[in-house]
Amino acid sequence: MKVLTANRLTDGEAIWYAGARGWAETIAEADVAGDKAGEAELEAAGKAAFANNEVVDVELIDVELVDGLIRPVRLRERIRAAGPTNRLDLGKQARTAA
Amino acid sequence: MYRYDEFDQDFVKARVAEFTDQVERRLAGEITEEQFRPLRLMNGVYLQLHAYMLRIAIPYGTLNTGQLRMLAHIARRYDKGYGHFTTRQNIQFNWPALSDIPAILADLASVEMHAIQTSGNCIRNVTADHFAGAAADEVADPRPYAEILRQWSSVHPEFSYLPRKFKIAVTGAERDRAAIQTHDIGLHLKKNAEGELGFAVYVGGGQGRTPMVAKKIRDFLPEKHLLSYATAILRVYNLYGRRDNKYKARIKILVHETGTEEFARQVEAEWAALKDQELTLPEADIAAINAYFAPPALAARPEGDEVVKLARLDSKSFADWVDQNVITHRRPDYAAVTISLKGIGEAPGDASDSQMEAVADIADQYAFGEIRVSHEQNLILPHVARADLKAVYDALVEIELATPNSGLITDIIACPGLDYCALANARSISVAQEISRRFASLERQRDIGELKLKISGCINACGHHHVGHIGILGVEKKGAELYQVTLGGSADEHTAVGEIIGRGFGPDEITDAIETVVETYLAHRLDRSENFLDAYRRLGPAPFKEALYGGEAKAA
Ligand code: SF4
Chain X
1 MKVLTANRLT DGEAIWYAGA RGWAETIAEA DVAGDKAGEA ELEAAGKAAF
51 ANNEVVDVEL IDVELVDGLI RPVRLRERIR AAGPTNRLDL GKQARTAA
Chain L
1 MYRYDEFDQD FVKARVAEFT DQVERRLAGE ITEEQFRPLR LMNGVYLQLH
51 AYMLRIAIPY GTLNTGQLRM LAHIARRYDK GYGHFTTRQN IQFNWPALSD
101 IPAILADLAS VEMHAIQTSG NCIRNVTADH FAGAAADEVA DPRPYAEILR
151 QWSSVHPEFS YLPRKFKIAV TGAERDRAAI QTHDIGLHLK KNAEGELGFA
201 VYVGGGQGRT PMVAKKIRDF LPEKHLLSYA TAILRVYNLY GRRDNKYKAR
251 IKILVHETGT EEFARQVEAE WAALKDQELT LPEADIAAIN AYFAPPALAA
301 RPEGDEVVKL ARLDSKSFAD WVDQNVITHR RPDYAAVTIS LKGIGEAPGD
351 ASDSQMEAVA DIADQYAFGE IRVSHEQNLI LPHVARADLK AVYDALVEIE
401 LATPNSGLIT DIIACPGLDY CALANARSIS VAQEISRRFA SLERQRDIGE
451 LKLKISGCIN ACGHHHVGHI GILGVEKKGA ELYQVTLGGS ADEHTAVGEI
501 IGRGFGPDEI TDAIETVVET YLAHRLDRSE NFLDAYRRLG PAPFKEALYG
551 GEAKAA
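Top line first, the protein sequences correspond to chains X and L.
Under our numbering, residues 1 to 98 are what the first sequence spells out, in order.
Under our numbering, residues 1 to 556 are what the second sequence spells out, in order.
Nothing false has been slipped in among the hints.
List time: in silico EDC-like cross-link candidates among lysine to aspartate or glutamate, alpha-carbon distance up to 16 Å:
1) L/K478 to X/D62
2) L/K215 to L/E268
3) L/K478 to X/E77
4) L/K216 to L/E262
Ranges of calculated distance between the beta carbons of each label pair, as one might list FRET restraints:
5) X/A40 to L/I500: 35 to 45 Å
6) L/G343 to X/A40: 44 to 54 Å
7) L/K545 to X/A48: 53 to 63 Å
From chain L, some residues computed to sit far from chain X (all C-beta separations above 12 Å):
8) R77
9) L227
10) A299
11) A496
12) R503
These aren't lab readings, by the way, just hints derived from the structure by calculation.
No residue lacks a Cβ here, since even glycine has one placed at the ideal position from N, Cα and C.
Based on the sequences and whatever the hints tell you, model everything.
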């Protein structure tokens, strides 16, 4: 399973592609591709957004579903999706805690 | 300290205007990311995991209080209330919006700062001993020469597109506190038999994937030849450096592959053509730059000894702090103070906006308005009257920056690692925090004695792990973090690269492993006067291997 991630051009915010809802600031809202066709769709959306100067560093990343929640396979992407592990008051994790 | 002249000010302003225009065009979609990326890097703007990152140059680690307050302002207004001081005496902000960067750079320019040449294949911020101008053992202040090199290397047309990045460090004392032998060029400022100033020149040091200790190619270069000789080195490198392979492009590889003697011969040949011409430094120019670094007027404060003596009797924690974080000044009534940014369990090198402001206030009141950033990620007050030490200590306690651990095991260097860095393989900060907590007891730390522990989150070695007495390198193995331990490195005048001790440790094993290493040292040292590094050099890796892996070997 994969989701599409990037950083927003204007402020660098880590974002995930959420299909018709555009780009989301949390991974929970991301569109998950379960097959090659879905991945191709995500990739095309990423290419278009990059070309349109909305996002940078576009990447398809591996995820799994844990208790119905999207969880990146790599630690790097888990930290991107949450925030620095030494500062729980920063990044996305700060929002859910609030 | 150095003040911008009109030329400097105009140049930095023009650069801000130019980059502002480039950012605007990028945001308007008029230039592509491919076009913009090299431009933003030239201005210190990286893209990291969570956001952009802005790296700001702090030339030779010297700041005045107006500059530190401006950094606090930037942290508060445009970032998330803190900054990270790096091993290159720079500061990084981890969360700026691209759209705010022009305003940040304009604010920086107003206090004579910028982010130029903090990235890219050019000559980076020139670093220097953080006790420059204050240390008792110093021959002369190295910063005027660092400033001369800064002026010469700033947008140098010939050296703006080198094969790879290029780092220069200068020290003015026999005891090397600037890690010059881990730099592309390391300069040791000294006097010859005639009492003239000059440099021992080291070339080809570096860390990263292929760590190398720099080689001395000249024992004494008269100061006036600094720029012509540096130019000769850079020319040889620019011509023969490996542009075909990023991993072999640093000058250390060229020196290694060419051989030190042959490399030195090529430099001397190049130099013969440059020497005694326009790059020769006129005495008047050296004197003019030196004047900027004239020490503050340090009035006699003979009451200091008595004041410190009484305060020590009164407060054990003050006495501990003096013993650990205060060093001898060249003037007996004064001292140099290390402000530890390594509070127990804190992220090494991080300081909040209000801490920065408070340090600026302390420096204004007690330290002639001068602050330094050390490559060990601490702040320094270079000139404090001993009579004022207690007041400085009390003020630092207020802002939780009085941890008495300078040079001890919890004074850890750690790069940002996987918590921030896009290149990282593993976290560094979390490892530093756990080790710091494990060794929190000051009594235990002092019993262990001097111990430099350094952590990098990938082989780029920003956390200097290769030259830590104990080094920790984070790698990724099968999708998980793994930490390799090296022992016996050092970054002083006897620089050495540490040796990998054996298989790596998982995140939940690494602190225990470090404790095992430390306990092994304590069990084997001759007495307290033999520090970890000396003991390791005497003992070799065997007892440490046995302690870490002995059981395994037997089981196998
Ligand atoms: S050592 Fe690696 S992980 Fe650490 S800051 Fe440097 S590039 Fe990033």
